[in-house]
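Chemist: Here is how the chains run, residue by residue.
Protein chains: 2
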Amino acid sequence: MSSTEARRSIATVCLSGTLEDKLTAAARAGFDGVEIFENDLVASSWSAKEIGEHCAELGLSIDLYQPFRDFEAVPPDVLARNLRRAELKFDVMDQLGVDTMLVCSTVSPDAVDDDDLAAEQLHLLAERAAARGIRIAYEALAWGRFVNTYEHSWRIVRRAAHPALGLCLDSFHILSRGSDPAAIRTIPGEKLFFLQLADAPRLQMDVLQWSRHHRLFPGQGAFDLTAFTGHVLAAGYRGPLSLEVFNDVFRQADPGPAAVDAMRSLLGLQETLGSADLPPAPALAGHAFVELAADASAEPEVAEALRGLGFAETGRHRSKPVRLWQQGTARILLNSSGPATGASVGAVAVESADPVASARRAQRLLAPILPRSHRVDEADLSAIAAPDGTSVFFCRTGTADGWLGDFTETPAVGEEAGVTGIDHLALTQPFDHFDEAALFYRAVLGLEPEPVTEFAAPFGLVRSRTVADPSGRVRIALESALLRRGEWAPAVREPQRIALSTGDALASARRMRELGAPLLEIPGNYYDDLDARLAPDPSLLTALRQQSVLYDRDERGELLHFFTVVLGGRVFFEVVQRIGGYAGDGAVNSPVRMAAHRRQRRDA
Amino acid sequence: MSSTEARRSIATVCLSGTLEDKLTAAARAGFDGVEIFENDLVASSWSAKEIGEHCAELGLSIDLYQPFRDFEAVPPDVLARNLRRAELKFDVMDQLGVDTMLVCSTVSPDAVDDDDLAAEQLHLLAERAAARGIRIAYEALAWGRFVNTYEHSWRIVRRAAHPALGLCLDSFHILSRGSDPAAIRTIPGEKLFFLQLADAPRLQMDVLQWSRHHRLFPGQGAFDLTAFTGHVLAAGYRGPLSLEVFNDVFRQADPGPAAVDAMRSLLGLQETLGSADLPPAPALAGHAFVELAADASAEPEVAEALRGLGFAETGRHRSKPVRLWQQGTARILLNSSGPATGASVGAVAVESADPVASARRAQRLLAPILPRSHRVDEADLSAIAAPDGTSVFFCRTGTADGWLGDFTETPAVGEEAGVTGIDHLALTQPFDHFDEAALFYRAVLGLEPEPVTEFAAPFGLVRSRTVADPSGRVRIALESALLRRGEWAPAVREPQRIALSTGDALASARRMRELGAPLLEIPGNYYDDLDARLAPDPSLLTALRQQSVLYDRDERGELLHFFTVVLGGRVFFEVVQRIGGYAGDGAVNSPVRMAAHRRQRRDA
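In order, the protein sequence lines correspond to chains A and W. For the first sequence, full-length UniProt numbering gives the first residue as 1, with consecutive numbering after it. For the second sequence, full-length UniProt numbering gives the first residue as 1, with consecutive numbering after it.
These aren't lab readings, by the way, just hints derived from the structure by calculation. Careful: at least some of the hints might be erroneous.
Note that the list lumps identical chains together, so a pair holds whenever it fits in one copy or between two copies.
[Said to hold, decoys possible] Here are the simulated lysine to aspartate or glutamate pairs, EDC-like style, with alpha carbons at most 16 Å apart: (1) K89 / D531; (2) K89 / E127; (3) K89 / D529.
Predicted model, so just to flag it, every value in this text is computed and none were measured.
Full structure from sequences and hints, please.
Modeler: Encoded structure:
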């Protein structure tokens, strides 16, 4: 079997719900098999036999029964008890129809540090297992009492020398300890009984807590799973690629989307391994437009703000209540057919070198394809739904049959204010979908996630992660509260930001004020502190203060930026001037901006 | 000034919201003063002068301006910049009207490991400060680059020898490193410029992350703050007791209750120091009754279940639609005047040796006192509101003027089933109020909190902490989801459990089944696993399986317990038999019970 045909499995512990909920979600997401986590089975009202039958009906194989703990290197009386325990679990496995059991390296106070004894007792267990047609996959826990590296577990398995005893390799246990996975290539493939995959962020904490609460699906964290899995496949492993992810958020999230997220992570990993048959992600060349859905009460407020920001209405859609507003290459579609929920970003559109290929790739990566109604003479835009429900369009604005043809030109009235295009977007993600969103944009659009950052905002900690194409022309900041917010949060709920670029922030701010833009006032304390922190040139400081423009600096450049008030309850604009190679989005200034938006709410 | 008069302060960083929100909450909770956290000031629309005036109006002194970072042991050019920065902050402090600035030990890459240089530069800073009437309180961060113990910060302050330079002691920085605080007594009291108090759970993680996310108010964590604060007071410290708690939950919770929680923590600490003028907590002798509020649709279901559990209706309230159901000393009041929200625990009542003193203490500890309407011939029960809104009554059931006199006796009809009393209650706490609830029961009722435990339930991790009186006769398990639940949670929301005691769980279960109690069925897989794990005697295992009774064992004894289905959407009963000194509540079996309740919901 070539690696292109590797089966994809998932441990039931990855998903929320009862066993019934989990199996349904795994099957719907297209997994080939599952690992049955013992606690899920114990709490199930189905007998082991019924679970086996149900999996078969769903088209799921059962690839592993796990975990069996604290078996080896114990005194004879404990060994006898442990063998009884194993035999009872073999009975369950027999009913389930699963032939491989995971045995974790011991953490028991009963155990002794004796590799020979461990090997001898594992040999005995394998002998008992073999008599039942079962194999034992021995795994070194990163916090195993004596055995906590894969090299050590391999020495014991080799010493035990039983055909029914092999290794289970788990990327978390190996990479969290900083072990070099290259030596996996020296292990014979037929002794690699099972492979469990998990990613994780780099955290400075107890490895057991890290493992049990913060694992992620491949592509969401900081581990190099492509290299790791490459070593395992090179050694000759032929079993499934199986996810085992303990994550506090996934454990309480709807298992349907979580299973899709999991499957997407494996498809993405297989692509980087060169073994997935996916159309490559076409190059993206920038933001084509942002569509704002606004209800009848919000529409005039947004239109007025756009005019103040220097936008002009330049087109009307031929068949829908949608107006095109434009300034430079920044295009905002204002759709007034939205439900009565104020204003929000309904769609983002990116310029794709090949929109049809972009959509085909998205579909292969399980992105929901959005049905579009359009007249025969209108452009057939390809659109998918992001995890937060936002529509993502792929388009080529410059072409003859492009989407602009759906609009009749109207004479542009109004004055410009220096906006040249869209710099980035910032979209608050639903709490349960933060990591899923980053992987979605990475896998589906081919954007690169930057590291996760956190900052203390007035109403709680905020987590942020930007995904961007290599040229930085498509850039989306994903934000979410670190803890799901409760009733106390008099801040803007799920805010969305459209950041426009300018070559001269101070001039744009001055012009926009003249045009009546509803710009956000920044308090004087901010400028006093800015003076103390960064000591900008006094004349610059005075100008920033006069225009309520915020400022930041890094080793590569400077950022000047300012904001509008919140429009229609949720959306606001930012205007950004980047000087030199400034890389971030001015997150250091976010708490000040948030407090100012809070005042706006109180004043309203 | 004696320690009984110590002023109580709170750092604005402890609370959620803008500076305006925080100051209002601190003043309402009765704090004497605040530490102004710089970020809160920077984001405020009030000028420093206006903030100072506003605090004065609220009756709050400003006791500290903080933090000033990365000052000392740097090259001359950096020193010049740092002094400029300090002078600008002195300007702000002058406007605020605060005379003490916190300077944290450096973490800067610009700094060098040179105590003499640090002392020399801090002397210079103190000289500049003194000229403005300001004092510098130097604090060793637990993760300071060179200075990270209070002993080291004291050596530097002593060497600097400036009257305007002293120490800030922070209990977290000192106790998190395991430093011995006893040597604080050797520091002259006049050099202790400030004291910051924070508790914390014992966590195995990076100390900076631990500090910035997981601090708690005194009495909520694992630190011995009584001993710590005792050393500081013995040294002659005469400043305020000031809370500085960085906590992810408090940072996003309503600041009103959080400030009350904070104040309660300081009152409790002062009591253990012998310096709070609080009436002592009267002894508690058990649960007097539990009142269930049930609407018209839930009332018959609950009454039927009570009958099935062997309860009999023994009394009717003289003036309210409340029935008393009793079995042994277990008393359930069924109040059918509740709003249409199914069934829930409306009140818990404890037997107090002195109900009036219990209520007086509660009031002093800022517990809301509930107004009670009662007729002149009815008992005047003292009641307060717990953080989850449950009423807590203090009563003496046995006395002539006791609450039972409010009920007319009715002839007891029905058969008993071996229930002897109430073993414990388990009440789900609102997410933002978990730690507050533990402190509430500790401080107000004098219950002792047991360690926090966590377990993986089908719909996410659950955190649990039991508070109990020393005799174990009053016992309340506080539970909460580790992460606030979102829309996916097809489990029982905010469940409440009333655990009854029996001397023979198997006999009670059998009898209750005969009486028609709606007992929860436990799946066979549980018993197969129980056999493998604990190998109970085969005849016991068979009986447990037949009666759907669950089992656990610890080093001191055994637990047999079983459950009803969920009644009225939220409440269920448990029946508990404790054998020997079994200490817990069978939490190991909770996931199985939760999955069974989930099936009940799906079947419904």
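Chemist: If a hint holds in the structure, say so; if it doesn't, say that too.
Modeler: Tested hints:
1. K89 / D531: between (68 Å within a copy, 10 Å between copies)
2. K89 / E127: Within one copy only: 15 Å inside a chain, 74 Å across chains, cut-off 16 Å.
3. K89 / D529: Between copies, since 8 Å is at most 16 Å while 65 Å is not.
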